[in-house]
Amino acid sequence: MSDTTVDHAHHDDHHGPEKGFKRWLFTTNHKDIGTLYLTFSLIMLFIGGAMALLIRVELFEPGKVLLNPEFFNQMTTMHGLIMVFGVIMPAMAGLANWMIPMMIGAPDMALPRLNNWSFWLLPFAFTMLMSTMFMSGPAPDFGWTFYAPLSTLYGPKSTDFFIFSIHMMGASSILAALNIVVTIFNMRAPGMTWFKLPLFVWSWLVTAFLLLAVMPVLAGCVTMMLMDRHFHTSFFNAAGGGDPILFQHIFWFFGHPEVYILILPGFGIISDIIPTFSRKPLFGYRFMVYATALIAFLGYIVWAHHMFTTGAPFFAQLFFMYATMLIAVPTGIKVFNWVATIFKGSLTFETPMLFALGFLVMFTMGGFSGLMLALVPADYQYRDSYFVVAHFHYVLVSGSLFTILAGIYYWLPKWTGQMYSERLGQWHFWLSVIGMNLAFLPMHFLGLAGMPRRIPDYALQFTDFNQICTIGAFIFGFAQLIFLYVVVKACFYRESDRKATSQVWEGARGLEWTLPSPTPYHTFETIPVVH
Amino acid sequence: MSKPRISHKRLTLILMCGVVFMFIFCYLLVPFYQLICKKTGFNGKGAISAAKVAPGMQIDYSRKIKVDFATTINGALSFKFLPLQRHLEIHPGEVKLIYFYAENTTGKEMTVQAIPSITPMDAARFLKKTECFCFTQQYFFKNEKADMPVYFFVDPAISKDIKEITLSYTLFDVTHYKKNQPHYAKGRIDLR
Amino acid sequence: MKNYGRFIVLLSLSLLTSLSYATSGINMPYGVSLLSHEIYYLHMAGFYVCCGIGAIVFSVLIYSLIKHRKSKGVKAVHFHEHLGVEILWTTIPFLILVALAVPATIVLKHIHNTDQSALTLKITGYQWKWKYEYLDQNISFFSNLATTQEQINNNAPKNPWFLLEVDNEVVVPVNTKVKLLITADDVVHSWWVPELGIKQDAIPGFINENWFYITKPGTYRGQCGELCGMNHGFMPIVVKAVSQTEFNQWVNAHQKLAYKKRHDDAVTLQKAHAAIHHLTLKNGGGLS
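Protein chains in written order, with numbering that gives the first Met the number 0: chain A, 0 to 530; chain B, 0 to 191; chain C, 0 to 287.
It is worth saying that the hints were derived from the structure and are not from the lab. Careful, some of the hints might be misleading.
Said to hold, decoys possible - These stretches of chain B come out as covered by chain C in the derived footprint (C-beta under 8 angstroms, 3 or more residues):
#	segment
1	67-73
2	111-122
3	158-167
Being a predicted model, the structure only gives us computed values, none of them experimental. Backbone N, C-alpha and C define an ideal beta-carbon position, used for all residues, glycine too.
Just need the whole structure built from these sequences, with the hints factored in.
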C-alpha cells in the first residue's frame, strides 16, 4: 500500500480537523484516536483508583470500617476489571495509535475506520459494566477472575451485563490488534526494515499476536458462562458432568497471555526511553527482539501456574513450574540489557527517565516475587494471599503504569508542542514511588504471615501493615492528580516559554523526532525513505 | 484508488465461506471429540462412561493397591448415601464389585445423579469402571432404598508409585434435569 | 535529590533482608508439619536467590546512576552489543533456575505422597463454614466462625483470635500422618492452614487430597483461600493437635453424640449386606 500516490494530501492541510464533538465521534485520524484512548484511560484510572482507595479505607482496621462484605467484593472486582481492561489496555492502545504510524513513517493506521470503532466500543462497554453498580442487586462481586461456579450458579443478575461488556471489550482489542499487525506489516516506509524498527513497534507487534490468539478464548469462556447461567448447559457444573476447573483452564489460558499483553508494550516504551537519556543505543537490540518473542511464546504455555492448588497431577505441576521459571531467562536478558544500556552512558534524569528507572528497579522486584511464586510447594502458601497481590501490583503499577506514564511524559512535548513542568514531573514521580512502595511492599509480608486475598476484615496481627498500605495508597492516588494537572496544562495552555523543539530530547532517535512539535494533524503524507 | 488485488465480490464470497466453515466445524467438534476420547481413552476425573476390559489384561499379583471409598451429598438433598465398605485391596487388572447404599429420605420421588471423582489425579485415568450406577441418572420413588453396584478394575499400566486411590461419589439432585435414558444401572438391588 | 533513588532502593532491600526470622510475623511460618518445614526452606532459598541476583543487578545500576551522569561531564561510550555477555547472562540464570527447580521438585513429590496415613479427614467447604468428617471414626460436624457480629461491627472489643476462632475445632493427634480428602458443596473454596503448610482447593463435585504430619501439639489457625462469596473472609479453620490419648478421649466423646445416627446406619447396612449375600450366594458372584 505504500506506493499509492498521495493525491489527497494537498487539500487536507488547509481545513484541518472538524470542529466540535463531531470531530471526536467520527475521527479516523490515528492521533485523535490515540488521544481518545488516552483520555478514556485517564478517566478510568481515577474511577478505578477511587475504588482502590475505598478498598484500602475498609482495610485500614480489622473490623468493619465503611463497607459491608458484599459491597467490598464488588469493589475488588470492579477495581480489577477497570484497571486491567479500562486503564492499562486502552492506554497502551492509545500510545500505539499515536506512535506506531509515526515510528514507521506511515501516514495513518491501515484501517482507520475500524480504528475508530475499536475505540468507541470501549466507552459503551464500560458504561454497561459500571451501570451494574446502579442496578438493584449486586454488581459483579466474584473477583476480576470470575471463577465458576461462583459466577455461574451463584452470580448476581448483573453478571450477564458483565459478560456482554467483556464481549465488547474483547472485540475492541481484537480489532485494534488486527489493525496494528496489518499496519506494521504493510505500511513501513521504504528502508524501514524489520531490524530498524523501534522496540515499541516490535513489542506491539508481538502483543497484537497475543491479543488475536487469546481474546477469542476469553469470549468463549464468558459465552460458556452465559450458557451455563441461562441455557441449562453444565460446562462448569459437576452435576451435569462438567468441571469448575475447566473454567479455570479456559480463563487462565487467556489470563496469562493477558498479563504479558499488559506489560510487553511497556517494555518497548522503556527500550526507547532509556537509550535516549543514556545517549547510547540500546544494548543488544536483536536479543531484545528475540527475548520479547520468547516471553510471548512461553506465556502461552504456563497458564496452569495459577492453578497449582486445584488438585493438578504431579507431572502437570512440574511442567508448568519449569516453563514458568524459564520465563525468568528472557525477562532477565531484557533487564540486563537495559542496565547495560545505562552503563557508561551519559545520563540525565528528566521525568521519563525517572519513571523508566523506577520501572527498572521495581518491576524487577515484582519479577523476583514472580519467580518465588513459580515454585509450586512455596506457591501452596502464597496462592490467594497478599503475596500475590503484592507481586501483581509491583509488575502492573510500577511495571505497566510507570511505563505508560514514562511514555506520556516522553512523547507529550511531541504531541502538544509544550514542555511540561519538569519540577511537577519530579514531584509526581517521587510521590508515586514512595506511595507505591508504602502501599505494596508490606503486602509481601502480610501474605507470608498468612493474610488471604479478597477479605474485607482481617485478624488483628495484620493491622499495622495494612495501615501502612492504606497510607501509601492514598499518597500514590493523590500523586496522580499532579499528573492530571501536568497533562491538562500541556494540552490546553500554550505558554510561549515552554515551546518544545522537534528534537525535544537530546538523545532521541527515530522517525517521530524528525517531525515538528506539535505534530501536524497529518504526518508522513509523503512517505519518507529511511537510510 | 488502484485496483484491488482481488475483487470485492470474490473476497466477500471467501469470507462468507469462512464463516460457514467455522460454524460447521463447531458442530463437527462434538462427534470429533467423542472419537478422540474413545481412541485415546481420556476419561480423567469425570468418567461416567463404561470402560472396556482390554482382551488379555493380566492381573498383576506382585502389588496391591488400597482403594478407599467416600461419598458426599450435595446441597440440601436429604438422602442417605454410603459405601458398604470403606476400603478394599485390589491387584491391578483384577475386576471387583462394590456396592453403595442409597436411601431416599426426602419424602417424595427424586432423580439423582452420582458424579465420581478420583484422587490422586495421576491415578484417575487408570481406575476404570465397567458397570456403575453413576453412568445413568437414578430414579428413586418415595422412601426407596437401593444397593447400587460398581464393577471396576485398576489398569495394570498404572505407575508403580501409586499405592492408594480414593474413589468418591457426589450425589446431586437432578430431578429438574431428567434425561431420556434408562433410569438405573444394571445390577441395582432394590431393598424393600 | 540524586541520593534519594539510592536511599529508597537500599531501604527496600534492607527491609527485605531483615526478615530472616520466621517467628517475626512477617515471614512465612516455619510451621509444625513436616511439609511446612520443607516449604519454608524452599521459600527462603528462592528468596535468597532473588536477593543475590537483585544485589548484583541493582549495585551495577546504582553505580552507573551515580558515576555515569552527563552533569559530571561523562561522555557516552558507544558499545551496543556483545554476543559473549548475552550468552553469559542467559546461561547463568538458567543454571540458577535449574538449581532451584531440583529442591522444588523433591518437595512437590513429598506433598503428593499421601500413602500410609493413620487417619482420614474429609473436609467439605460450604458457604460459609467447613464440615469435617472423620470417615473411620464416624464423626461429623460443622465448624462455623465464632466471632460475633458485634465484634466485627466494632460494637464490642475484639478478642485476640478475632476472625480466627470457630465453634467446633478439628482435633487431630500429633505425630500421625493425617490424610485429607477435600471437596465442596457449592462453590470453590480452599482449605489453608499456613503453619501446616497446606493449601488445597475444595471443588464441588470433585475430591482432592493432601496430608499433614504435625510434630508439635498446639492450636493452628487458617482461613478460606478462594473467594467464595460474601463471607469468604469469615470462615476460618482451627486445628488442634493433641496427644494420642487426648485424641482417643475426644473421639469417644464425639462418638457418643453420634451413636444413635451410627446405630441407624449400621442396621441399614446389615440389612443391605444380608440382601447382597443372599443374592451372591444364589448367583455365585464374588464380593470382597
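Evaluation of the provided hints:
With 4 residues having a beta carbon nearer than 8 angstroms to a beta carbon of chain C, the segment 67-73 of chain B meets the requirement of three or more and the stated coverage holds. Three residues within the 8 angstroms Cβ limit are the bar, and the segment 111-122 of chain B against chain C gives 6, so the coverage statement holds. Judged by the Cβ-Cβ criterion of 8 angstroms, the segment 158-167 of chain B is covered by chain C as claimed, because 4 of its residues qualify and three suffice.
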